[in-house]
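Respectively, the protein sequence lines represent chains L and W.
Under the working numbering, the first residue of the first sequence carries the number 134, and numbering increases by one thereafter.
Under the working numbering, the first residue of the second sequence carries the number 1283, and numbering increases by one thereafter.
Derived by calculation from the structure, the hints in this document are not laboratory data.
It is possible that some hints are incorrect.
To be verified - Below, simulated DMTMM-like cross-link-like pairs (lysine to aspartate or glutamate); rule was C-alpha separation at most 20 Å, straight line:
no. : chain 1 : residue 1 : chain 2 : residue 2
1   : W       : Lys1324   : L       : Glu220
2   : L       : Lys154    : L       : Asp196
3   : L       : Lys283    : W       : Glu1297
4   : W       : Lys1324   : W       : Glu1297
5   : L       : Lys283    : W       : Asp1342
6   : L       : Lys326    : L       : Glu165
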Amino acid sequence: MIETLPADVAELWPYEPRWTKVGGYHLHHIDEGPAGSPDAVVLLAGNPTWGFLYRDIIPPILDAGFRVLALDYLGMGRSDHARREEEYAIQHHADRVRAQLRGAGVERAVFFMQDWAGPIGLTAALDRPGLLAGMVLANTFWGEQSEFQKNALGWRSLHAPVSGALLLGKRRMFTSALRLSGPRSIHDGAAWKAYNLPFDAHTSPGSTYAFPRAISTGPGHPTHELARRIYDAMATEVFDIPTRFVWGDSDAVFTREEQEATFRARLPRGEEHPTVVVPGGRHFVQEYGPQQCADATIAVAQEAFG
Amino acid sequence: MARHPVLTDENIWPEFVDAVRTVGETWTAPSGRVYELEFDGKRLTVWLEGGATDDSDEVDADLLELAAQIHDAAGGIWSSDAVRQTASFWGFTPAASDSPHS
């Protein structure tokens, strides 16, 4: 666990850290706004980011009167790192999210889900019926590899022996994804420090190493059954809830044409859900369009919580 | 004294088991450095001969060669070219070395 932040990072992330002990690990989250409300907006990040990704999105949601939690997964952000890679399996991440929310007394949630938050958040919702009251789906997927990931050797080889462990594990190269898919404003300074802090502090790659290898490549892959379960469940009433899409239109990994279209086709009343497009936004869309992300979240929360 | 591995891969998929086994328990990199491997069918651990600790780029370059060899042994869609493209994509492009480690 990272108990204190450097002063320049704390200036950008002034929230009180809160901790939930799950499976022997300390998991970090923040909890702001109306204390004790059973309804909350829950901000879930992906790889290799943490709650910090939502630093410019949280204030407008608080101003709108909602309780806001931003969670860090095991191996990410200020949370502990696991001792074994298998503890980073997506189902385990989802189980721990549910434990964090249970510990915080959240009974109904609006999830903002980007990148790996899609499979993790959707699984958490399936495993606790009634929890998910609304959702924002942003540059995300459901666990099965995208066309980009299917065709890019650079992705496939990460699953193979030694190369993934070397490049993403030992050399911690997935943080370069922030430079490949995030705006120049985070390429240095306090923001860059904030994103690298978890791995510098723990001197290990945490879950950044396990996430790319957890992308399902089809039958036989450890994540395939879970991805299939999500895909099948998308069409059920669990997900007949207020929904918005937010999509950076310059994301090569998860495109609107592939991912959003699939969600839209599968979800109940999928064609009715509005999309907010962030022009020029790449994968980390929160960094490109924080106000659009906040506005979409507030709209869903107002519909979900009344 | 405890030996410190230069690399551990905890999750070797079944489709790669035979390819990893082709390397054997001792592997000599093109650089001349010698590595010891322990593989239990799922977890692969690699040490520098004698268990020396070395976090240098040169050792990582050797490990990339090891990955390339295993990829070629796996065959199919996997190849040493793919490994090198992957490394380059993620920003790791060790200089080719044809001189043995001394």
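Hint check, failures only: 2, 5 and 6
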